[in-house]
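Please take these sequences and the hints and turn them into a complete structure.
Chains A and B, in that order, give the protein sequences. Going by our numbering, the first residue of the first sequence is number 1, and it counts up by one from there. Going by our numbering, the first residue of the second sequence is number 1, and it counts up by one from there.
If you're looking for bench data, these hints aren't it; they were derived computationally from the structure. A hint or two may mislead.
Claimed, not checked - Each computed EDC-like pair below joins lysine to aspartate or glutamate, with the alpha-carbon atoms no more than 16 Å apart:
id, chain 1, residue 1, chain 2, residue 2
1, A, K568, A, E595
2, A, K421, B, E533
3, A, K184, A, E292
4, B, K489, A, D493
5, B, K44, B, D150
6, A, K77, A, E383
7, A, K207, A, E38
8, A, K536, B, E460
9, A, K245, A, D170
10, A, K489, B, D493
11, B, K421, A, E533
12, A, K421, A, D554
13, A, K423, A, D554
14, A, K7, A, E61
15, B, K536, A, E460
16, A, K489, A, D90
17, A, K421, A, E515
18, B, K207, B, E38
Protein chains: 2
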Amino acid sequence: MHQTSEKLALVRTLMEERGVDAYVIPDTDPHLGEYIPEHWQIIKWLSGFTGSAGTIVVTAEFAGLWTDSRYFLQAEKQLSGSEITLVRTDLTENPGFIQWLSKSLQSHSRIGVNGQVLSVSMFRKLKRMADEKKIVIDIECDLISPLWSDRPSLSREQAFDHPVSFSGIDRNQKLTRVRDEMVKQNVEFHLLTSPDDIMWLLNIRGKDIKHSPLLMSFAIIGMEQVLLFADEEKIPFIIAREFDKLGIVILPYEEAAGMLSTLRSGSGILISPASTSAALYSSIPGRLKVKEDVSIPARLKAVKNSTEISNLSGTMIRDGVALTKFFFGIERDKDLIPMSELSLTARIDHLRSLQENYLTTSFPTIVAYNEHAALPHYTATSETDTVISDDCILLVDSGGQYLDGTTDITRTICLGKPTGKQKADFTFVLKGMISLAQAVFPSGTYGHQLDILARKYLWEHGLNYGHGTGHGVGYCLNVHEGPHRISIKSGNDPSNIIAPGILVSDEPAVYREGEYGIRTENMLLCYEDEETEFGKFNRFITISLCYIDKSLIDFSLLDRNEITWLNKYHSEVFEKLSPFLEQDEREWLRLKTQEAGVL
Amino acid sequence: MHQTSEKLALVRTLMEERGVDAYVIPDTDPHLGEYIPEHWQIIKWLSGFTGSAGTIVVTAEFAGLWTDSRYFLQAEKQLSGSEITLVRTDLTENPGFIQWLSKSLQSHSRIGVNGQVLSVSMFRKLKRMADEKKIVIDIECDLISPLWSDRPSLSREQAFDHPVSFSGIDRNQKLTRVRDEMVKQNVEFHLLTSPDDIMWLLNIRGKDIKHSPLLMSFAIIGMEQVLLFADEEKIPFIIAREFDKLGIVILPYEEAAGMLSTLRSGSGILISPASTSAALYSSIPGRLKVKEDVSIPARLKAVKNSTEISNLSGTMIRDGVALTKFFFGIERDKDLIPMSELSLTARIDHLRSLQENYLTTSFPTIVAYNEHAALPHYTATSETDTVISDDCILLVDSGGQYLDGTTDITRTICLGKPTGKQKADFTFVLKGMISLAQAVFPSGTYGHQLDILARKYLWEHGLNYGHGTGHGVGYCLNVHEGPHRISIKSGNDPSNIIAPGILVSDEPAVYREGEYGIRTENMLLCYEDEETEFGKFNRFITISLCYIDKSLIDFSLLDRNEITWLNKYHSEVFEKLSPFLEQDEREWLRLKTQEAGVL
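Here you go:
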């Protein structure tokens, strides 16, 4: 019997015992973040599916995994042989599994779900359907814990201090700024559920999950005290003592819900429904006035302070040095050593790890060869690993977590001779990337307004890409950090304004299914430019430092301004990186960044 | 005693009699459209203010007019000497007068307003505030009718047929299409309150207001019948007979509310809250299922049919001929005859009126000299009228209603020698205008996504404009026609998709307060372009035909592609218009459209 079938049989037995007709398994953890610890990877344990987005629904007769087009191929493979059906869905506001439940369940049925790993937002969508169909939802339904005998335990790694030399502002000042904002918003309490908000506020970092230096924790900020819910053993004594002076009280991780229920009657509390679990939300007593919005730390930390900005220039040099050594190494070794996607992944991760202040990768490194590069979220596995050969396209999307910043950069290179189509695609992507990088826009401009700048040249040639153009980036925190982004899916909310001090990625792309993919990505920092009679205007500065493969550029498609941008960028790359390179690397980079295309 | 004070005293007497603490006077009519008949111009009657946007609030101690920056100067002048205070507000979602009422009124106060001229949307905003403050709203409070003794009566002009040779689709087919859509939306009835929806559906036009060929009417579409609420005497017999065959029943204008209350219990009815009055809405019985959305005719008529599109090419030629004769005349006569904004307004309106199929202007013609052109909504009056002199900027924004289409076009010309700043401003506006006109975009693109194309070059030079970039245009109907537009204020609603067949204006601008204003506006028609592996793509074709003043262009700021666009456009303008011009006009236009700027 297939392992998954055995597990499903056990789940169904528990469902029957509990009177549950459909069991919903979301893909997240109690903090509803992007990268989740093994302990919470229930979908992987049950089905073998390792994609980062999906929902499983189990009924007596059916078991299905709902996921989107990024994961169709992967899910097909990983689910094959199991009795779990792949249900193709898209990333719309209305999750497909809710519609399916609405059609498949009878009135007065019962849906079970572990409310600890279901966001309030998702719970409300489920609830709306359930109410219409007179279906009951049991959000205290954890059927997995009793079954998962070899479940990985949660991390016991210690948190560490993130000193002001890196963070720029001490925790006391940050607390004051958050409390000032709480007063403006007329709330006495602020519930923080995203660990990155808490890390930023308390100037600490943790090691609880891959790719992001987070300590799994909740916090309730009050006007005098902060209640930090985390495993006490994971907070070093020296930090605990500092916390104590500032009225930051450490309480057991599990007690967040219990403490919420003791808050003063009539108080206002600010929560973020997208990152608060239904379980935690349900423990907020009715006598509190709940205000829902993006969290205050999320808004504040999006705008980088002057220390962070100044530190980042060093971070970007170290990151660029690692990348340069990596790409140099490929060209040097390509006819000497067989190289595969996996070996190159190990190589770039290793080169970054040698850099000062490095902690870890900021997301799973993507080294994608030819047709693999056409899958925007591809990561090589031992099954898909491919040896690099001549005349190929290689897309490398990678980033590091450093004590002084987080990086995210994509370069696409060609080994050998590119085709005309590849050069045209690459050049249209480059034009879009440059256009966004050069944007000038009035104060108050929303991210979605800038999206078309990166797409215009692609659209003019019948090309497009199916993802957003840019995401915010944390500072020694999540590589995908809100609330702003450059995407038409984001709206006219003040939190989506591209304001001076924010970081955002700039990553247009073209994906040719079965052939190759091209993406070029830099990080941009917004700064205040001139003020005229028409108001204040902002611009971007490109902070990522790595050459762009000129062999893939059709210079006849670039205009003078774009060529000037490229040559200026390349000269900056060479100037800033060359002092840290070996002689042969430096000479190689000199060629890669040599002035080109001048009319 | 000032006339306004006398009227206010009478209003206050009636307020007291009725126990009303604050009386609200909106700026609209029962159809909540843009141009309203004299009969409903209550604000003008009471205060003398003639701007098209404003709200008056009267209390025992205070009387204020809330209006936005477009009308500050005008309102100051027109209100001076009256006791009505100008309250400067902006065009946000939260009208300032509601906040003022919230602060100024005590609990259990009573607000009076004539619900016939208050939209459901606005009523809801008022109601939200009123409920919070425990204030009562009386929406059946018409205090003006008893006071306004010389009130202009409503028009008694007859409606007329809009034959299929112009409209493209007969009324029967249109009814079928609307009913098909009603079935999809699961409603048995559809309330139409915008006369332009009704004109389009029934292939008739009227003469009830200025600038738009509308018959003031309401309609309820059912599955077998259409109830048309209009003055029966205004429907010619021959049309009434045709209506009868199609089950279109003519009922008195006043009976719409009464008939609504008789509709079958449990039926679904579709209404548009933005164009439905609170009075009409309140007459919908609770036993109906109300669905709120953009009206079906609004969505359907936005996409022009092949007859309309093909007719428009002739309309644009006639409109362009009138404009060419107008601009030719200015240059010919400028040293011979004194010309003023008003005399030129009369001249362009007259030249248009000579064209075939012409009905009326499509909005109040703007001829604005130098600093007047810096006011986007300026129209000359006898007080502001200015004689045109040499070395000036002249902005002309005008349009016509023709049986075969509606036009809207702006040209800015220079008489004499422009300054370098004027040329730079003009050229950046032109670059934006051309960029939007040349846009290529995937099927499903929303209007707001394209907005930045028209602004990019202005932003790069610290310039901007405070209005949207483009509005939809009717076909022998409202010159400002929704639901789509090119503006960041519009969202990701399907009705805002720029789909093949829609018309939209393209009108970037620069306004230098106290100096001059520059706007260049063409109408664009969206059409389906190629389909690639990345989907379907659409483009625009520019349909307006009038030369662009080359003396205002700094050709060194244009790139090759823009120069090509301009020369191609100019050659098309000459080719299409010259057959209809006199010899001297033709030779003049040949020069105006001669190839220029070729590198």
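### Task
Could you grab the alpha-carbon distance between K245(A) and D170(A) and see if it respects the 16 Å cut-off?
Holds, because 13 Å separates the two Cα atoms, which is no more than 16 Å.
### Query
If you draw a straight line from the CA of K207(A) to the CA of E38(A), is it 16 Å or shorter?
Holds, because 13 Å separates the two Cα atoms, which is no more than 16 Å.
### Query
Does K423(A) pair with D554(A) here, judged by a C-alpha cut-off of 16 Å?
holds (6 Å)
### Query
Does K421(B) pair with E533(A) here, judged by a C-alpha cut-off of 16 Å?
The given pair, whose Cα atoms are some 14 Å apart, holds under the 16 Å limit.
### Query
CA of K421(A) to CA of D554(A), is that 16 Å or under?
Holds, because 10 Å separates the two Cα atoms, which is no more than 16 Å.
### Query
Do the alpha carbons of K489(A) and D90(A) lie within 16 Å of each other, as the hint requires?
With a Cα-Cα distance of about 14 Å, the restraint between K489(A) and D90(A) holds, given a limit of 16 Å.
### Given hint E383(A) paired with K77(A) - CA-CA distance at most 16 Å
holds (11 Å)
### Task
For the pair we were handed, K489(A) and D493(B), check the Cα-Cα distance against 16 Å.
holds (11 Å)
### Query
Under the criterion that the straight-line Cα-Cα distance not exceed 16 Å, is the pair K489(B), D493(A) satisfied?
Holds, at roughly 11 Å.
### Message
Tell me if the straight-line CA distance from K568(A) to E595(A) falls inside 16 Å.
### Response
It holds: about 8 Å lies between the C-alpha atoms, which stays within 16 Å.
### Task
Compare the distance between the alpha carbons of K536(B) and E460(A) with 16 Å, and conclude whether the hinted pair is satisfied.
holds (12 Å)
### Pair hint K536(A) and E460(B), alpha-carbon separation not exceeding 16 Å
holds (12 Å)
In this structure, none of the earlier numbered hints is contradicted; all agree with it.
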